Amino acid sequence: MSDTHTSESSGDVFDLSQFHGVFYEEAGENLANMETLLLETDESNADDESLNAIFRCAHSIKGGAATFGFQDVADLTHVMETLLDRLRRRELAITSAMIDTLLESGDVLKHLLASRQSGTDPGIDCTELVARIGALAHGTVAAPVAVPATETPVVAAASVVAAPTAPGERVLEIAIGPLDQPKFAENVVELFSEIPGLGTIEPTDDGQPDASQTRHFRVVSTVTDSDLLDLFSFHVSREQVSIRELGAGPAPALAPTAAHDADPTFGLFDDLPTPVAIEVHAPEALVVAAAKAELPRSADRSAPASANLESSTIRVPTEKVDQLINLVGEMVITQAMLAQTGRGLDAVVHQAMATALTDLERNTRLLQEAVMAIRMIPMTAVFNRFPRMLRDLSGRLGKKLELHTIGEDTELDKGLIEKITDPLTHLVRNSADHGIEMPADRIAAGKPEHGTVTLAAAHQGGSIVIEVRDDGRGLNRGKLLAKARERGLSVSDSMTDTEVYGLIFAPGFSTAAEVTDVSGRGVGMDVVKRNITSLGGSVEIDSVEGQGMRVSVRLPLTLAIMDGMSVGVADETYIVPLASVVESIHMTASDVKSVGGTGRVVEVRNEYLPLMRLDELFDVPRSVEHSGGIMIVVEAEGGRIALLVDDLIGQHQVVVKNLEANYRKVPGVSGATILGDGRVALILDVSWLVRRVRH
Amino acid sequence: MNARANALAERPREYLTFRLGEEEYGIDILKVQEIRGYEQPTRIANAPSFIKGVVNLRGVIVPIVDMRLKFGLGSAEYNDFTVVIILNLGARVVGMVVDSVSDVMELSPDQIRDTPEIDSVVDSSYITGLGTLNDRMLILIAIEKLMGTAEMALA
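Line order of the protein sequences matches chains W and A.
Counting from 1, one number per residue, gives the positions in the first sequence under our numbering.
Counting from 1, one number per residue, gives the positions in the second sequence under our numbering.
Fair warning: there could be bad hints in the mix.
[Said to hold, decoys possible] With a cut-off of at most 35 Å between alpha-carbon atoms, the simulated DSBU-like pairs for lysine-lysine come out as follows:
hint, chain 1, residue 1, chain 2, residue 2
1, A, K145, W, K665
2, W, K447, A, K31
3, W, K479, A, K145
4, W, K320, A, K145
5, A, K31, W, K479
6, W, K320, W, K419
7, W, K593, W, K665
8, W, K400, W, K479
No lab work stands behind these hints: they were computed from the structure.
Since we're looking at a predicted model, the values are computed, not measured.
Based on the sequences and whatever the hints tell you, model everything.
Given below as structure tokens:
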């Protein structure tokens with residue numbers, strides 16, 4: 001039991017409700033869109049484009065609603081979708097009654113969604129509407145007008161209904177026949193069960209038609225007989241159906257005329273040569289009138305709630321957002337200055353001031369977070385381009401490819417989204433081109449004919465991890481090593497798998513065409529790696545030969561903010577990106593060994609690392625000679641070096657500013673940031689430092 | 001020169017004047033974004049000596065050029081009167097350290113004389129002319145052109 005409980009609560013971690021807002025917003029847009037399109041539809045000449053668009057609107061609402069478990073919304077959109085699907089396939093011709101019903105459904109959906117959003121009970125029962133749309137979808141005219149006429153027998157029969165039923169439910173005996181093929185009746189049963197909320201149907205004849213090829217069913221339902229007839233007439237003709245209230249005497253038929261004229265023996269008895277024709281053909285004008293009457297009512301109902309559903313998105317130029325970010329950045333600095341000044345004041349005398357400063361600090365932080373969130377957009381923006389690409393590729397390569405995407409809603413800074421698109425495209429193309437085998441080879445290897453490429457995005461701490469997976473042939477360690485030796489790269493058999501797979505990122509590995517024969521990988525992988533590294537990210541490869549491979553790209557959530565370690569060198573402050581810091585160690589002058597006179601190394605954990613003195617590199621003026629200091633081991637591009645600084649000042653998030661905008665690229669510096677006191681500090685370009693020492 | 005261009009050239013223009021040592025300079029007022037007091041910039045390693053570093057101007061990183069060092073004038077002392085003229089040169093924003101800002105002056109074309117061929121640190125091609133106002137002489141500089149040159153090492 002405890003196991004079950006644990007798994008349940010761990011399931012709760014993935015709380016879907018955080019996406020509800022997006023769903024409501026999208027559904028609202030879709031509904032508005034659908035309404036516009038429906039209103040523009042000319043029933044005598046509806047074009048495919050708009051029918052398809054309307055279908056898509058209903059379809060996406062249904063998808064979202066089903067995901068979030070909004071059963072009523074999903075059920076209603078499901079039948080709408082069925083109807084719209086038949087319309088767009090031209091299996092049915094659109095009528096104004098359909099448009100009216102669809103518009104009404106739209107209003108009901110708005111109401112349902114608004115109630116969901118505000119957490120109130122919608123207070124509408126869509127069963128009747130669902131049945132009506134179902135009937136329309138199955139090729140008959142909806143006849144809501146028949147309702148009053150059939151209510152009389154319901155009331156009359158109520159007292160004699162034996163089975164316990166819910167209010168409004170009736171128990172009916174239905175005979176269908178004579179049938180040419182018994183399976184028509186099965187179709188009716190299937191159709192009946194397909195429509196949610198309609199009720200139950202079960203055969204009373206053990207599934208066997210009687211002598212006159214007629215089947216008998218017991219139905220418990222709330223809908224009117226005419227609606228049932230409408231529904232059934234999709235598979236069987238109306239003449240073949242007879243309905244009677246169970247226990248209410250034989251066949252009190254349904255439509256007003258039939259109810260009066262019907263011979264009690266009609267309908268149920270098989271020996272009748274021609275079963276009674278039940279005419280429920282409501283005059284068209286009446287149908288429309290009823291639909292119209294229905295419409296304002298539901299519109300009224302949803303009016304106050306639908307205001308909530310109004311689109312809450314605005315388009316804003318990126319520059320405005322960036323300006324906002326800049327200003328907030330400034331405010332953070334001003335706040336820091338105020339806080340610093342405030343600390344010097346007597347807390348007793350200036351208590352109100354101290355409280356205000358604390359509030360200011362909190363509000364500033366919240367404001368900064370909120371502003372940064374504006375730049376975040378979902379990964380969908382990138383993932384959207386791949387289905388088409390894979391489709392094209394599968395045609396060109398003669399392979400069968402499927403794409404799975406996971407976590408499209410994961411958000412990432414807009415700037416990063418733009419920059420990650422190319423590397424990802426490259427990785428996906430690589431997977432499709434070199435990873436996935438030809439269909440015949442796949443079958444021979446006992447794999448499904450379809451190769452699958454999976455794109456997955458997820459947040460992990462302060463980073464986003466994007467994975468490109470395929471179930472192709474994977475990497476071969478031995479061949480990679482052989483290839484590396486051939487290319488003159490220094491490799492050994494004791495290298496870990498990760499290191500071996502990492503070889504495909506080596507520049508020498510990438511350009512040669514024959515690499516494809518070796519690993520199936522490598523074209524331009526060094527470029528991919530460089531691009532990702534320049535975004536402050538990292539790439540890792542994992543593979544099982546014959547099973548496929550996985551490339552994981554880890555990126556910071558935003559380029560605008562970075563975790564940094566501030567270090568002091570004489571009077572100057574520099575920022576080392578925390579992502580590249582391995583460790584920091586106190587050092588004395590005797591730890592440093594010289595190599596060949598000028599080169600200096602330092603021993604860290606049984607490894608000699610080249611030492612770079614930041615004060616020498618940046619020519620930092622010193623008034624007094626400084627000895628000792630702190631050694632920061634940094635890692636970049638697979639290499640490690642030790643940086644010598646005077647002291648560590650602290651770790652904090654820094655807002656990354658660009659130096660090139662007004663100045664120029666400075667060697668060894670990747671950007672700048674503004675410190676709490678308003679001064680500028682330079683951010684070290686660790687990759688550059690490592691390259692400089694090692695080459 | 002057609003009449004229209006002539007009329008434009010005839011219009012008096014406004015110049016911001018500032019002092020570098022004993023000399024007085026003028027630049028087009030339209031290039032000036034603001035004037036600030038001097039604050040210690042963050043030094044940039046391996047930059048020419050006249051580039052003092054970068055400062056934070058409301059969230060924007062702006063390089064600071066000391067014109068006294070660039071032109072080899074004055075003592076390049078930094079005190080409470082040292083000012084920085086923030087120039088907005090369209091593509092970039094640059095700060096310029098000068099000894100002091102004098103005033104804004106209007107000069108009509110007839111007050112501007114041609115620059116004679118002289119031997120100076122400043123390439124005479126960046127001097128648009130010499131303005132005269134009573135007994136003062138203003139060295140008028142095409143500041144955008146000057147800041148855009150390779151020798152300024154700003155880009």
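Now the hints, each set against the structure:
This hinted pair checks out: A/K145 and W/K665 have alpha carbons roughly 21 Å apart, not beyond 35 Å. Restraint check for W/K447 and A/K31: the C-alpha separation of about 69 Å exceeds 35 Å, so the hint is violated. A threshold of 35 Å between alpha carbons decides the hint, and for W/K479 with A/K145 the separation of about 59 Å lies outside it, so the pair is violated. For the given pair, W/K320 sits about 30 Å from A/K145 by alpha-carbon distance, which is consistent with the 35 Å threshold.
Distance restraint check for A/K31 and W/K479: the Cα-Cα separation of roughly 63 Å exceeds the 35 Å cut-off, and the hinted pair is therefore not satisfied. A threshold of 35 Å between alpha carbons decides the hint, and for W/K320 with W/K419 the separation of about 20 Å falls inside it, so the pair holds. Using a Cα cut-off of 35 Å, the hinted pair W/K593 and W/K665 holds, with the two alpha carbons roughly 33 Å apart. For the proposed pair W/K400 and W/K479, the alpha carbon gap of about 26 Å is at most 35 Å, so the pair holds.
The structure fails to meet hints 2, 3, 5 from the earlier list, while all remaining hints are met.
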